[in-house]
Amino acid sequence: MINMTRWLFIKATALALLAITSTHALAEDGVLRVGGSTTLLPAISTAASDFMEKYKTWNKVAPNLPEKPVIIFVTGGGSSFGVKSVLNGTVNIGMVSRDLKDKEVSSLGQHQTYLVGKDAVAIASSAKNPMAATVKQLSGDEVVRLFAGETAYYSELVKKLPKREIVLLTRDAGAGSTEVLQEVLMKGKQISPKALQLPSQGALLQKLKNNTLAIGYISSGLVSQSDGALKSYALDGVSPSNENVLNGTYKLARPLNLLVKDVPDAYAKAFVDYVLSDGQAVVDSLGYVPAKR
Amino acid sequence: MVAMTVPAGNTSTLLSPARVAWRGRRWSDLALWAVSLGFMLLGTGALLLIVLYVAAEALPALKQAGGLKGLLFVLPWEPLAEPPSYGILHAWLSSLLVTALSLLLAVPVALGVAIFTSEIAPPLLRGLLRPCMELLAGIPSVVYGFFGYVTLIPLFENSFGLAAGECILAAGLILSVMVLPFVASTATEALRGVPGNLRESAYATGVTRWHVIQHVVLRQAAPGLFAAIVLGLARALGEALAVLMLAGNATAVPHSPMDRGQPITALILTELGEAGVDSDKYHALMAAGLLLMVITVVINLTVLALKRRMLSRHV
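Chains A and B, in that order, give the protein sequences. For the first sequence, our numbering gives the first residue as 1, with consecutive numbering after it. For the second sequence, our numbering gives the first residue as 294, with consecutive numbering after it.
Please note that a few of the clues may not be correct.
As the list claims (entries may be wrong) - Pairwise CB distance ranges (calculated):
id : chain 1 : residue 1 : chain 2 : residue 2 : range
1  : B       : P433      : A       : A127      : 47 to 55 Å
2  : A       : N247      : B       : T589      : 43 to 51 Å
3  : A       : N88       : B       : A348      : 52 to 60 Å
4  : A       : G188      : B       : P447      : 35 to 43 Å
5  : A       : D141      : B       : T595      : 48 to 56 Å
6  : A       : S200      : B       : S572      : 40 to 48 Å
7  : A       : E150      : B       : N451      : 22 to 30 Å
As the list claims (entries may be wrong) - Here are a few chain B residues that sit away from chain A, every Cβ distance over 10 Å (derived from the structure):
id : residue
8  : V344
9  : L373
10 : H383
11 : R492
12 : L511
13 : L537
14 : V546
No wet-lab data here; the hints were simulated from the structure. C-beta: ideal position from N, C-alpha, C; glycine also.
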């Protein structure tokens with residue numbers, strides 16, 4: 001799969017070079033360009049290579065489309081870059097892992113967003129954590145105090161628990177999950193400087209499994225994929241289940257959107273439909289909550 | 294004219310071919326001169342350019358509240374705060390702590406290894422030890438880091454009761470293992486460089502082997518030994534991956550070896566990917582990089598001065 005993605009990038013780069021020399025309008029050569037959020041990047045680029053492998057040429061997607069090879073070019077750059085690129089036409093589909101800002105909505109004019117899934121951040125620990133057996137839920141306030149380092153020991157959280165240090169795991173400041181936690185719960189407060197910063201979600205997952213005193217925040221799907229090694233905590237009584245995330249009652253979540261300006265052309269529409277059907281399995285496997293099941 | 298003064302036998306062998314080849318040699322000499330000068334300028338120029346670039350990019354970091362003092366001593370590292378603050382006290386303290394710890398652990402052992410290899414080991418064993426050390430020095434740091442991550446961290450957590458095994462001490466320990474072969478092999482080189490006749494004449498006076506090592510070999514090899522330590526120091530200070538994995542990568546200011554920390558290299562590695570060019574964070578990271586260079590230079594100069602003083606006293 002990784003090789004496939006890499007191949008896609010190489011092919012895409014070559015085509016991007018070609019595109020500079022040709023003056024054809026977008027998508028006329030059978031190329032679909034997608035760009036934006038790095039959170040969505042792995043899901044969409046995997047879906048794109050699956051799509052290309054499945055159909056090869058556009059007329060196999062739908063008989064009324066021309067017989068041109070399916071080429072989908074997926075790049076990162078961040079959500080804001082995704083919106084900007086849709087606006088100036090460098091991409092056909094933007095990946096935006098947040099709600100659109102009012103200013104963006106007004107400058108886009110007519111546009112379409114498609115919710116492909118949600119990235120829910122679960123507060124989680126090892127199933128062997130001292131509080132895993134007794135604590136079922138944390139209040140928003142408790143989570144804030146926990147991550148701000150104000151609650152330093154398990155005994156300060158619940159009296160009966162042992163006086164062992166709470167080891168906080170965080171991602172670096174640029175990570176999407178940190179952004180969600182910061183915006184929704186922490187607001188102005190800073191995550192404790194004593195927290196261990198891990199370079200990737202995978203590293204955080206491993207540390208969370210191996211260190212029974214650790215608490216961290218991680219994509220909710222990864223907790224359910226851990227076969228019981230991890231336990232997630234309900235927030236203000238709401239568990240990070242797929243239902244709660246999708247209907248919006250679980251607060252620590254952000255939407256994963258695909259954005260198209262005006263009305264999507266046939267190519268874009270076909271790919272978006274694919275992401276919303278077969279592509280949902282990819283979204284799920286990466287630990288996000290799929291929008292459709 | 295010159296040929297007259299030279300003994301007759303030499304004229305044919307020395308002067309005539311030289312004269313014949315002079316024209317050609319002048320051009321090849323000139324070319325060599327130009328090419329080597331060019332490469333020298335390229336090398337030092339690139340180095341100078343990097344230093345200047347980092348310095349220029351670091352300068353805007355002083356514009357944040359608190360200036361130089363704020364950057365180095367007062368402000369915390371809080372990139373998500375409102376307004377964000379970029380102090381690097383925790384980083385340079387972590388760097389110094391980790392480096393000091395690793396050298397404290399590695400240098401005595403390395404000197405012992407060097408003395409054994411150079412002075413005590415039989416030739417066959419010596420022939421085996423030296424390539425081993427050089428091989429160890431060539432192992433990539435990420436391997437050491439990974440080894441430490443899967444062995445030291447669980448050991449610290451399970452046996453020493455630490456909540457999280459990542460700490461300055463863990464990073465220092467692994468770093469000392471990484472630095473050891475460097476210091477040991479360079480020190481061995483230095484000891485082997487001591488002329489054999491010095492050793493032999495010392496032995497001839499009937500003193501013990503330890504006396505010879507202590508008063509003749511070590512003293513004579515002192516400059517080389519200092520070079521070995523400086524090499525180890527540079528390696529320890531510049532190491533990024535292993536300390537990133539083991540020090541905890543936490544932005545708290547460390548107070549003891551059991552605390553978590555984030556050495557300068559780890560700070561840059563963690564944050565640079567997300568720092569937009571020309572942002573405040575970017576400049577702060579450049580300042581951290583500049584500080585690392587300054588620390589290296591200052592420590593090198595100190596060691597150099599120390600070496601001079603010691604040598605002038607002994608010799």
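Taking the earlier hints as the rules, which of them does this structure contradict? 1, 2, 3, 6, 9, 10, 13 and 14
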